[in-house]
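Those sequence lines, one after another, are chains A and B.
If you're matching positions, the first sequence starts at 4 in the working numbering and goes up one per residue.
If you're matching positions, the second sequence starts at 4 in the working numbering and goes up one per residue.
Hints are computed from structural coordinates only; laboratory data are not their basis.
Treat the hints with caution; some may be incorrect.
Chain copies aren't distinguished; within one or between two, either way the pair holds.
For lysine to any residue, the following SDA-like pairs were computed, each having C-alpha atoms within a straight-line distance of at most 25 Å [to be verified]: (1) K206 x E281; (2) K393 x N292; (3) K206 x Q123; (4) K411 x N541; (5) K149 x S320; (6) K230 x P632; (7) K340 x Q209; (8) K597 x A555; (9) K270 x N292; (10) K79 x R41; (11) K196 x D336; (12) K149 x Q319; (13) K572 x I271; (14) K315 x S148; (15) K144 x S320; (16) K136 x V332; (17) K144 x H604; (18) K26 x N195; (19) K270 x I337; (20) K636 x S443; (21) K335 x E281; (22) K475 x E540; (23) K144 x P567; (24) K372 x T568; (25) K136 x N331; (26) K79 x P405; (27) K413 x L142.
Number of protein chains: 2
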Amino acid sequence: MVSDTRRNRKNGSTRITFLPEGKPLDIKSGSTILDATRKMGIDIQAPCGDLGLCGRCKIILGEGKNLAEPPTKTEKKNFSTKELNDGYRLACQCKVSEQGLLSVTVPPESRISQQRIVIQGIMPQFQVSPIIKDTIIELKKKQESKSDSETLLEALSENGFTDVSIDIDAIRRLPDVIREGNWNINATLWNNKEVLSLQPKDKAGQTLGFAVDIGTTKVAGYLVDLKNGKLLAAVSLPNPQISFGEDLISRIAYWTESEEKGINLQKIVIGCVNKLIEDSCKRFDVSQNEVYDITVVGNTAMHHIFFGISPKYVGQSPFPVAVKNSFNVKAKDIGLKANPATYVHALPPIAGFVGSDTVAGILATEIYKQEKISMLIDIGTNAEIVIGNKDKLTCCSAPAGPAFEGAKIKHGMRASSGAIETVWINPKNLDTGFKTIDESKPRGICGSGIIDSIAQLFKTDVIDNIGRFNNKLSNPRIRNQEGDAEFVIAWQNETSINKDITITRRDIQEILLAKAAVYTGTHILLERLNLTPNDIENPYVSGAFGTYIDLANSLTIGMFPEIPTNRIKFTGNTAGSGGRLALLSEKLRSKADKIAKNTDHIELASDPSFEKEFTNALWIPHRETKRFPTVMKMLGKH
Amino acid sequence: MVSDTRRNRKNGSTRITFLPEGKPLDIKSGSTILDATRKMGIDIQAPCGDLGLCGRCKIILGEGKNLAEPPTKTEKKNFSTKELNDGYRLACQCKVSEQGLLSVTVPPESRISQQRIVIQGIMPQFQVSPIIKDTIIELKKKQESKSDSETLLEALSENGFTDVSIDIDAIRRLPDVIREGNWNINATLWNNKEVLSLQPKDKAGQTLGFAVDIGTTKVAGYLVDLKNGKLLAAVSLPNPQISFGEDLISRIAYWTESEEKGINLQKIVIGCVNKLIEDSCKRFDVSQNEVYDITVVGNTAMHHIFFGISPKYVGQSPFPVAVKNSFNVKAKDIGLKANPATYVHALPPIAGFVGSDTVAGILATEIYKQEKISMLIDIGTNAEIVIGNKDKLTCCSAPAGPAFEGAKIKHGMRASSGAIETVWINPKNLDTGFKTIDESKPRGICGSGIIDSIAQLFKTDVIDNIGRFNNKLSNPRIRNQEGDAEFVIAWQNETSINKDITITRRDIQEILLAKAAVYTGTHILLERLNLTPNDIENPYVSGAFGTYIDLANSLTIGMFPEIPTNRIKFTGNTAGSGGRLALLSEKLRSKADKIAKNTDHIELASDPSFEKEFTNALWIPHRETKRFPTVMKMLGKH
């Protein structure tokens with residue numbers, strides 16, 4: 004192998020093998036390792052712009068490390084002598100000077116961190132009884148005139164499985180499996196109706212399932228053992244459709260341009276899920292062929308696009324859904340790589356803007372079972388809100404927009420490494436402290452940090468109850484820039500972007516529009532159900548954004564009605580949990596169908612009070628301050 | 004378009020566009036058109052070895068014909084002045100001398116003739132009522148909270164179609180189709196169970212079906228209109244698996260070597276069927292997307308390989324079949340190109356060596372309905388024989404081997420252009436006359452010609468009743484060559500291969516082995532059923548070989564028991580007819596299942612009398628001459 008590699012190497016170049024990828028690349032002498040990682044598409048951190056300042060692009064040279072130039076001053080500052088001897092270097096500084104073979108490890112801490120996402124959510128108690136079942140079948144050998152499939156079906160029937168069909172892919176290997184297994188075989192059955200796969204009894208492998216949660220910004224996947232319900236791996240990737248539009252509406256518009264473009268949107272998300280399946284199977288060292296069931300949840304537009312269904316009309320009033328019931332299609336028919344006979348089960352959506360991710364959330368929180376009134380809220384580009392109990396659930400979707408995710412905000416960013424996520428302002432001198440995700444130097448500010456900022460700015464009277472800056476205050480942090488008032492959260496020298504990080508008047512307006520939508524949705528839903536905020540005995544907040552917001556600050560800006568905050572439970576990614584439950588329990592899978600069918604949906608925009616409510620909710624915390632007695636009392640503003 | 008072509012043409016070359024293919028190719032000046040056809044993969048006849056002798060490679064120059072060199076002497080001999088003016092040339096002679104654009108038509112008579120095959124078979128009277136139905140559905144527009152699929156399913160239910168599912172590919176376009184069709188749509192339903200496709204009411208296209216008959220040597224396809232039962236096109240191609248083995252056993256051996264090789268066998272036959280679908284759709288100017296149903300018949304090994312099912316054990320005693328019932332798989336799941344939602348229906352086989360082609364034959368001849376005793380015989384590498392009536396049918400398969408198809412015969416060839424198909428020998432002087440297919444100069448001799456020859460050689464006492472040449476006769480046609488006795492059918496100067504075409508002692512042995520197998524099968528079947536040859540009131544001979552054999556000569560050599568020849572009916576390719584019937588009638592489709600289930604199969608090799616019967620049947624017409632009283636009487640040998 005090594006000699007082969009040597010032979011094929013380009014003349015005058017060094018072949019670098021990146022670990023743990025194991026991918027080789029030929030580079031010319033004089034190139035830096037950072038150049039090489041970029042050519043290879045290895046995402047490595049280099050926020051300082053290759054200047055050797057941030058020390059983030061740490062790599063470890065292995066075999067052939069003598070081919071590199073000696074460490075620079077900058078590198079000597081960054082590493083101890085022992086570390087340098089061990090091969091630690093900075094990719095931006097380390098140049099290759101001689102020809103040969105060099106192995107380079109890119110450690111996890113040097114890789115670009117994925118968006119901080121909450122992959123796991125709460126799971127209720129339940130009995131593992133999936134739709135996929137393995138059964139050992141002893142076949143009768145001496146039946147010359149019978150076909151192999153007849154012999155199998157008869158044996159299945161004797162084992163209580165009647166009216167069973169056999170997938171063509173299982174039939175394909177049937178003659179060999181029967182004889183390899185000496186007439187003792189393991190059959191993997193779907194829904195007691197179809198044989199998906201057959202193995203010689205002693206060679207039966209794992210029986211795995213994969214739950215997929217297609218979010219607008221991220222795609223999460225969960226590899227589970229269908230025999231014991233164990234979660235083997237939870238993985239996620241950004242939704243690659245982002246390059247075709249940040250939000251749903253722009254992706255639907257892209258689809259609408261041509262069918263070809265639409266199919267492209269489908270293909271790239273399918274590719275992303277295939278990568279998740281592949282990665283998690285590799286991690287657990289199993290074959291993708293052992294994945295026998297897949298469930299998919301997501302908002303309705305994502306659901307449609309995933310299955311290649313035209314989402315064109317989902318984005319137009321009255322937002323008609325193409326298919327509302329759950330359905331099963333063969334994974335291979337949409338290009339998913341699992342066992343060739345595997346079905347994909349699409350959990351049912353409720354409405355154009357309340358998808359199967361919400362149904363999954365209801366399943367995971369079990370609010371459909373409870374006597375007491377619950378509320379489930381998942382805040383993203385849209386906030387889905389469900390209120391009710393075992394007798395009736397009602398839901399709506401509030402168009403919050405992407406501001407909470409950092410879009411349309413001057414220094415806004417997603418909740419990933421370097422994002423200011425917590426802010427505190429000293430009411431005396433407006434000195435501002437902050438905390439970033441991963442405690443690194445700030446690159447920007449994410450949703451929870453912006454909410455904190457606005458709440459603190461309001462408390463400290465820097466802004467008024469409609470978000471205007473107080474002209475009378477004089478403080479270096481308050482200033483006008485490019486025609487807009489702003490407040491400096493982090494000074495240039497504190498940041499990694501060499502600029503002040505600020506919150507502007509416009510940023511505040513964007514956030515107020517978003518919070519007003521969420522508040523209005525929750526309020527109208529309560530009104531319709533004749534409930535007060537205090538009636539909500541079990542408020543659940545799910546999703547990544549919800550998990551990291553400061554409840555007191557959110558309430559201060561009036562993001563939702565004054566539900567007693569001490570009751571609130573954070574549930575994490577319940578969409579993923581619900582998908583796993585549907586994988587692991589046949590009963591809960593059909594329960595999801597009932598939930599989708601029986602949950603009422605109200606269309607916020609068509610509610611007669613919507614406009615007035617929305618306008619009043621743009622105030623901090625609300626134009627009708629009596630709706631927020633606790634907040635007003637706390638602020639001393641009642 | 005033309006200017007584009009001009010722009011992209013290689014410098015210094017002529018771009019030839021071959022018609023009717025419409026494929027362009029750039030060739031250098033000085034090349035012949037024959038070189039170009041070969042590069043393009045256009046099969047053109049040139050048996051004389053490019054010498055201008057046979058005149059078979061006729062082409063017609065069109066636009067740009069001045070770019071070719073003037074006609075050669077040879078060409079002037081072959082064509083009249085008018086023909087030359089019209090552009091007629093010989094591809095092997097005609098060179099391109101100048102650069103530019105030239106169109107060349109390759110007429111059908113110049114193309115390599117396909118094997119002469121009998122594509123069509125008899126069809127009984129029946130009512131067209133296919134499993135595919137088109138229905139116009141008027142949807143209710145104002146149902147905002149309903150999903151499009153719910154709206155459709157409700158409307159279908161009101162039209163009497165309950166418990167219907169919708170194929171994912173139909174769902175994909177559902178939102179668009181509903182609105183394009185202004186809520187009036189045409190639904191294509193499969194088996195009243197599944198919506199395969201939807202079109203706006205005014206844009207509904209054709210509703211077509213395609214029946215496939217997979218033979219060991221040829222693949223035939225039939226494009227039919229599912230609305231009126233009309234046959235639109237009947238097409239065929241050689242089975243491309245031939246390059247992996249002439250007979251079933253060698254293909255099964257190839258499959259057994261590795262799974263990969265097996266899948267390759269599947270892929271190439273699927274590719275062949277795709278070509279047939281494509282060609283017949285083009286011929287009729289319809290889209291492959293309008294093909295909504297496909298039926299497949301074939302012998303059991305071909306059936307298994309077609310669906311990717313391991314045929315390994317079909318070739319080993321006791322010849323177990325993987326799947327005997329009929330089944331449906333989505334065409335896309337085996338790579339067939341039709342409408343994406345189309346099902347392929349595999350008709351059921353009866354046993355390892357009696358396939359669904361026999362079931363189709365029973366369906367087409369309606370022997371399963373008749374009071375009188377019928378016999379259906381289809382002679383190929385295996386001869387399938389069915390005897391019985393409406394109460395009971397019994398079948399067997401006799402291993403005739405490939406001799407009837409010209410294999411293992413010195414000058415043997417398939418029944419295609421240039422094959423001697425009929426032979427007559429003057430008993431006085433052994434002068435021999437013959438007729439070839441297409442009346443061209445002979446290249447070899449095919450099955451029917453060999454049977455004629457043997458019968459005549461026996462009648463004229465050139466050979467005895469075990470096929471030995473008569474030493475006492477002296478005639479230039481009887482000679483020894485390469486240690487084997489032989490008889491000259493055509494002299495060198497009469498043939499196109501510049502060699503004598505002969506029948507050897509070994510050829511005769513091969514044919515006697517083949518005919519003995521067919522006789523023995525038929526005889527044992529009759530014995531088992533307690534019938535005499537005379538009890539067969541409706542003898543049917545199907546298949547290409549059967550259609551062209553001379554009955555009297557076949558009976559003379561004892562190919563089957565002495566059934567009164569005047570009763571025999573030739574039915575053509577009943578396998579194809581049966582496949583079409585299953586496409587066009589739901590009832591006949593389920594009838595095929597019943598036929599397969601209720602037809603008894605006997606294993607010839609395990610019959611105690613088989614060996615003795617087979618040995619005695621090697622004689623001409625039979626060792627027990629009393630079994631052939633009519634033949635013996637005719638020969639004056641009783």
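Tested hints:
1. When the C-alpha separation of K206 and E281 is checked against a cutoff of 25 Å, the pair qualifies only within one copy, where the shortest distance is 22 Å, while the shortest distance between copies is 42 Å.
2. When the C-alpha separation of K393 and N292 is checked against a cutoff of 25 Å, the pair qualifies neither within a copy, at 40 Å, nor between copies, at 48 Å.
3. Taking identical chains as interchangeable, the C-alpha atoms of K206 and Q123 are never at most 25 Å apart, the minima being 33 Å within one chain and 48 Å between chains.
4. In this assembly of identical chains, the alpha carbons of K411 and N541 never lie at most 25 Å apart, being 33 Å within a copy and 85 Å across copies at closest.
5. Within a single copy, K149 and S320 get their C-alpha atoms only as close as 58 Å, which misses the 25 Å cut-off; across copies the closest is 13 Å, which meets it.
6. Proximity of K230 to P632 under the C-alpha cut-off of 25 Å is found in neither arrangement, the shortest distances being 52 Å within a copy and 73 Å between copies.
7. For the identical chains of this complex, K340 and Q209 are intra-copy neighbours only, at 16 Å inside a copy versus 34 Å across copies, given an alpha-carbon limit of 25 Å.
8. In the homo-oligomer, the alpha carbons of K597 and A555 never lie at most 25 Å apart, since the shortest distance is 36 Å inside one protomer and 74 Å across protomers.
9. Both within a single protomer and between protomers do K270 and N292 lie at most 25 Å apart by alpha-carbon distance, with minima of 21 Å and 21 Å respectively.
10. For a Cα distance limit of 25 Å, the shortest separation of K79 from R41 inside one copy, 24 Å, qualifies, whereas the shortest one across copies, 69 Å, does not.
11. In this assembly of identical chains, K196 and D336 lie within 25 Å of each other by CA distance both inside one copy and across copies; the values are 19 Å within and 19 Å between.
12. Proximity of K149 and Q319 under a CA criterion of 25 Å is satisfied inter-copy only: 15 Å between copies versus 57 Å inside one chain copy.
13. Taking CA atoms no more than 25 Å apart as the test, K572 paired with I271 passes in neither setting, with 35 Å inside one copy and 60 Å between copies.
14. Within a single copy, K315 and S148 get their C-alpha atoms only as close as 55 Å, which misses the 25 Å cut-off; across copies the closest is 17 Å, which meets it.
15. With identical chains, the CA atoms of K144 and S320 are at most 25 Å apart between copies only, with a shortest distance of 14 Å across copies and 62 Å within one.
16. For the identical chains of this complex, K136 and V332 are neighbours both inside a copy (18 Å) and across copies (23 Å), given an alpha-carbon limit of 25 Å.
17. Only between protomers do K144 and H604 lie at most 25 Å apart by alpha-carbon distance; the minimum there is 20 Å, versus 57 Å within a single protomer.
18. Proximity of K26 and N195 under a CA criterion of 25 Å is satisfied in neither setting, with 43 Å inside one chain copy and 53 Å between copies.
19. For the identical chains of this complex, K270 and I337 are neighbours both inside a copy (9 Å) and across copies (21 Å), given an alpha-carbon limit of 25 Å.
20. In the homo-oligomer, the alpha carbons of K636 and S443 never lie at most 25 Å apart, since the shortest distance is 36 Å inside one protomer and 109 Å across protomers.
21. Taking the shortest alpha-carbon separations for K335 and E281, both the intra-copy value of 15 Å and the inter-copy value of 24 Å come in at or below 25 Å.
22. Taking CA atoms no more than 25 Å apart as the test, K475 paired with E540 passes in neither setting, with 43 Å inside one copy and 115 Å between copies.
23. For the identical chains of this complex, K144 and P567 are neighbours neither inside a copy (69 Å) nor across copies (44 Å), given an alpha-carbon limit of 25 Å.
24. Only within a single protomer do K372 and T568 lie at most 25 Å apart by alpha-carbon distance; the minimum there is 23 Å, versus 81 Å between protomers.
25. Taking the closest pair of Cα atoms, K136 and N331 come within 25 Å of each other both inside a single copy (17 Å) and across two copies (24 Å).
26. In the homo-oligomer, the alpha carbons of K79 and P405 never lie at most 25 Å apart, since the shortest distance is 43 Å inside one protomer and 81 Å across protomers.
27. Taking identical chains as interchangeable, the C-alpha atoms of K413 and L142 are never at most 25 Å apart, the minima being 69 Å within one chain and 49 Å between chains.
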